[in-house]
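Asks: One line per chain: the protein sequences are A and B, in this order. Anchor point for the first sequence: position 108 equals 107 in numbering that gives the first Met the number 0, and the numbering is continuous, going up by one each time. Anchor point for the second sequence: position 99 equals 98 in numbering that gives the first Met the number 0, and the numbering is continuous, going up by one each time.
Some hints could be false.
One copy or two, either will do: identical chains are not told apart, so a pair holds if it fits within one copy or between any two.
[As the list claims (entries may be wrong)] No more than 30 Å apart at the CA atoms, straight line, and that leaves these computed lysine-lysine pairs for DSSO-like:
1) 9 with 85
2) 9 with 86
3) 167 with 437
4) 213 with 108
5) 9 with 83
6) 111 with 213
7) 172 with 130
8) 198 with 381
9) 456 with 470
10) 134 with 479
11) 323 with 61
Calculated directly from the structure, the hints in this document are not laboratory data. In this text, all values refer to a predicted model and were calculated from it rather than measured experimentally.
There are 2 protein chains.
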Amino acid sequence: MDKLKEYYQKMAKYSDALLLLYWDMQTYMPPAAGEYRAEVISEIGGFVFRMSISDELGELLKNAEPVSEEDEANVRVGQKEYDKYKKVPSDLFEEEMRVSTICEQLWQKARKERDFEIVQPYFERVVELNKEMAKYLGYEKDPYDALLDRFEPGMKAEELDRIFTPLKEFTIKVLEEIESVGKVDDPFEREIHVESQEKFNRWLLTYLKYDSTKCRLDVSTHPFTNPIGMNDVRITTRYVPDDPKNSIFSTIHEFGHAQYALSIPEEFYGLPIGSSASYGFDESQSRFWENVLGRSLPFWKGIYKKFVETFPDMAKYPVEELWKGVNIVRRSYIRTEADEVTYALHIILRYELEHALINDELSVKDIPDAWDELFEKLFGLKITNISLGCLQDPHWYGGSFGYFPTYLLGNLYAAQIFDAMKKDVDFDTLVENGEFEKVRGWLTDKIYSKGRMYEPKELLKRVTNNDFDSKYFINYISEKYTNMYPIQL
Amino acid sequence: MDKLKEYYQKMAKYSDALLLLYWDMQTYMPPAAGEYRAEVISEIGGFVFRMSISDELGELLKNAEPVSEEDEANVRVGQKEYDKYKKVPSDLFEEEMRVSTICEQLWQKARKERDFEIVQPYFERVVELNKEMAKYLGYEKDPYDALLDRFEPGMKAEELDRIFTPLKEFTIKVLEEIESVGKVDDPFEREIHVESQEKFNRWLLTYLKYDSTKCRLDVSTHPFTNPIGMNDVRITTRYVPDDPKNSIFSTIHEFGHAQYALSIPEEFYGLPIGSSASYGFDESQSRFWENVLGRSLPFWKGIYKKFVETFPDMAKYPVEELWKGVNIVRRSYIRTEADEVTYALHIILRYELEHALINDELSVKDIPDAWDELFEKLFGLKITNISLGCLQDPHWYGGSFGYFPTYLLGNLYAAQIFDAMKKDVDFDTLVENGEFEKVRGWLTDKIYSKGRMYEPKELLKRVTNNDFDSKYFINYISEKYTNMYPIQL
C-alpha cells in the first residue's frame, strides 16, 4: 500500500509541473514561447499518461493491502481509472491528444474568422477518435456514457435525458414569466476603471477569508482555477471595463473551486482520492459560492457599504437594485455570460448535440445548422454570427465530449446541497454578517474533507440524505425569483 | 545523430519544467507552497540527472555519426559532460543535492540569526561531499580544478592564481588612488518611489530594444535570469526605495544574460551546445551590458533626458555627475553591491578561502575567522557582523565551489571583448545615440551564435584574436578612472 501511494505521489509531481506550465501559459508566458511550450506540455503529459497505465502500477494496485477506509477508496478509485485508460491503446490516446491540440488551435482561428470550415476536417477526426475511445473505454447502451463517465463517474445519458427534459420546460417558463414583468434596468451597465475593479476584487477575496499564503489571483483571458501543488492553488479573473460583474463573479466562482481544492485533507494529496469528487461536484462549489451565496440578497447587504465606497457612482442604487442587477435573467448568446436560469438551456443545447454526434445521429458538417436551429427553438433568437454560435466554446474542438453536462449538474448539486445546509446553518444571517467560516466549515466537513472517496451520487446522498433530484434546483429558482418579481411559478 | 539529438531535446523539456518551477518559486508562488515545491523540484531534478547519465545516452553518444561542425561539437561537449557525471556514483550526487539543499535553507537561518554554528555541521558535510565528488570527477594536480571545471571548462586554479595575484595589487592601488582624491558625493543617495523606479526600468528595457514577445521582467529578492524555454527568458530585478541604482543595474545586468540566451541559434536549443559557453562567459555578457555599456558616459548621455524627466529631483546634476555617481569606488562589505573595481577583491577573497578549504588547508569551523582576517587585509575594514562576512552569499552552503571565480572571469572577459569590439564598432557614438543593434549584432556574430561550441578560452581567442589576458581589464579600468579622476595608474 505504501509503495502504491509513493507511486501516485511521484506521478503527482509531474502532473503538478504540467499544471504550472499550463498556468504560466495562460498568465505570464511571453507570447512567442507558445509553440515550444506546447511541446513541453505534450512530452510531460505523455510521461504522466504512461505512468498512469504502466504495468508497474497495475502490479502495485493488485498487491495493495488497504487497511483504512481511505486506502480502500484509493485502491478502488485508482483501479477504476487504471482499468479504464489501460483499455485504450496508447497510440490512440496520444493521437487523440495530438489531433485535439491542433484542432483547438484551429478553433481559435475559425472563431476569429467566423469560418467553420477552417476547423471542420480536424474536428471530424477528433469526433472519430473520441468515438473510437468510447469503444475501448466501454459502455452498456450508449457510447456517450463512456465519455461522460470520465468527467462524472456513474452518470449516464439516460439519466441526463430524464433530468434535463423537464428542466428545459421549467426554464423556458421562468424566462417567459420574468419577461412578462418588463425590462429591468441594469445598474452595472457602465464603464468602471479596471483599477477600481482590481481593488474591489482583492478586497472581496479578503472578505471571503481566502488564504493568501496558499492562493493567488492573477489575470487571464478565460478565468480558471489550477491546483498547482500542495498548499498552492492559483485562480484567475478577467477585468472588462464596461462589465464590472464579469470580474466580480469570475473571482467568486474561481474562489469556490479554490476552497474545495485547498480543503481536501493534505494526506490525500497526490493520491487517487486527493481531488474533488467529480467535475460536477467541483462546479457545484464554484456555483455555490458564485450564485447561491454571491448573488444572494444577504451577501449584497453585507458588501454594500464597501461596494458603494469603491464605486461611488453606484451609491444611488439601494441594495435591492444591485441584487436585482446581478440576477437579471435574459436571453443571450454566450454561455459563459448567461444568468443562473437560462444557463440550463445553454447546456441542454450542447448536450443534445454532442449526444447526437457521438451516436452518429448528427454529422460534424451539420453542426452549425443544427446549433442555430436548436438555439432558435430554445431561445427564440436567430444566430447571425457563428462565433456566437457553435464556435463560442473550446470544449468540443479540444476533444471534451461529456464535459458540458457537468456544468449544469453543478448547478443542480449546489441547490440540493444548499437545501441541506440550511437545515444546519443560519445561512442568511451568517452571510449578511460576512461570517463565512460556518458555511465553509459545513462544506468542508460534508464534502471537501472527503476528496474523491465517493462517486458523485453517493457523496450527494451522504451530504443531503437524499437521492440526487433536480427538484431542489427548481425550488431554489422558484423561491428566489418569485421573491424578486411579482410572478407565479 | 538524430536519435541523440532527440534524446537531448527530450531531456531539455524536463529541465525547462524545472526552471519554470524555480522561477515561479522566486516570483509568484504562494509562501505556504515552498516545502512541497522543493519535493517536486527534487523529483524532477533526479529524473533529469538519471537521464543525463543513462546507459542509453552513453550508447547514443558512442554511435553518433556527426557530419557537421555543430554536431561534432554536440557529441564532444555531450560526451565530456556524460563522462564527467557518469563517474560520480548516483547516490553521492543525490546525497550532495539533498544535503546542500538543507544546508542552504539553514544558511538563511544562520545569516538571519548571525550564528555560524547553525549551519556548520551540515556545511562540513557539504564540503566533505564536494571533496569526494572532486575525486570522482578527476583532476591532475588540484582537486579544486575538478569542481571549477563544472562552471568554467578548462580553467585551473594555477591559472587563477597567476591572474588574480597581480590583479589584487592593482585593485588595491586603484582604490587607494581614488580615495586620495577625497570623498565623492553620490547623487543617488536618496529615496525614490518604487513606482517611478518601475516605470524607468520598463522604459530602459524598451530603450535597450529588448524583445517583449520573448522576455519578461518580474521582481524577486535576488535578481536572476532564467531561460525557461525556446523564445522564453525571464529576468527579475529588485526595487529598493533608497537605492535607485540597485534596480537599474540589476535590470541591465539580467538583460545582458537574457540577450545571450535569446541569441543562441534556435536549432541549438536543448542540445549540448545550446547554452552559453560557460558561467564566466555568461557573466561577461551581463557585466558587459551592466558595466562596460551601462556605466559608460555615452550611455548616460543617451538616457539623461529620460532619466531627469522620470526623476525630476535629479535634474540639478549634470550628466557627468550622474555618471560619476554610478561609478563610485569604495570599500564595502557586500559583494553584490560592490563597484566594478573592488569587486575583484571580493572574489579573490572567496576564491582563496574555498581553494584552501577544498585542499584541506582550511577547516569549516575556521572560516569565519579566516574570512574576517583576509577581509581586513584586503579591505582594511573590520567585520563586526557575520552576515556581512562569510554568511552573506548562498553559494558555498548550496555546494557551489568553483563558482565565484567565474564572476571575476566575466569582468575580465568583458574587458577583453570590449577591446576587440572597439576595433570594429564606433561604440561611443552608437551607445550615446541609443543604437544598440550594431553592438548586439557584433556580440551575436562573435559570441552568442556559437552557443557552447567552444571552450571559453578558445572562444575568447576566436572573438578577440588574442589569448586570455587580464591586461585588457587593467587597461579598461585605468583608462576609465584616470578619465574620471585626476589620478595616475
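Asks: The structure should be examined with respect to each hint, and the outcome stated for every one.
Replies: Status of the hints after comparison with the structure:
Taking the closest pair of Cα atoms, residue 9 and residue 85 come within 30 Å of each other both inside a single copy (19 Å) and across two copies (24 Å). In this homomeric assembly, residue 9 and residue 86 come within 30 Å of each other (Cα to Cα) both inside a single copy, at 23 Å, and across copies, at 27 Å. In this assembly of identical chains, the alpha carbons of residue 167 and residue 437 never lie at most 30 Å apart, being 34 Å within a copy and 67 Å across copies at closest. Taking CA atoms no more than 30 Å apart as the test, residue 213 paired with residue 108 passes between copies only; the shortest distance there is 22 Å, against 36 Å inside one copy.
For the homomeric pair residue 9 and residue 83, the shortest alpha-carbon distances inside one copy (21 Å) and between copies (28 Å) are both at most 30 Å. Only between protomers do residue 111 and residue 213 lie at most 30 Å apart by alpha-carbon distance; the minimum there is 24 Å, versus 37 Å within a single protomer. Within a single copy, residue 172 and residue 130 get their C-alpha atoms no closer than 36 Å, and across copies no closer than 80 Å, so neither meets the 30 Å cut-off. In this homomeric assembly, residue 198 and residue 381 never come within 30 Å of each other (Cα to Cα): the closest approach is 39 Å inside a single copy and 49 Å across copies.
Taking the shortest alpha-carbon separations for residue 456 and residue 470, only the intra-copy value of 15 Å comes in at or below 30 Å, while the best inter-copy value is 78 Å. In this assembly of identical chains, the alpha carbons of residue 134 and residue 479 never lie at most 30 Å apart, being 43 Å within a copy and 76 Å across copies at closest. When the C-alpha separation of residue 323 and residue 61 is checked against a cutoff of 30 Å, the pair qualifies neither within a copy, at 56 Å, nor between copies, at 73 Å.
The structure does not agree with the numbered hints 3, 7, 8, 10 and 11 stated previously, though it agrees with the rest.
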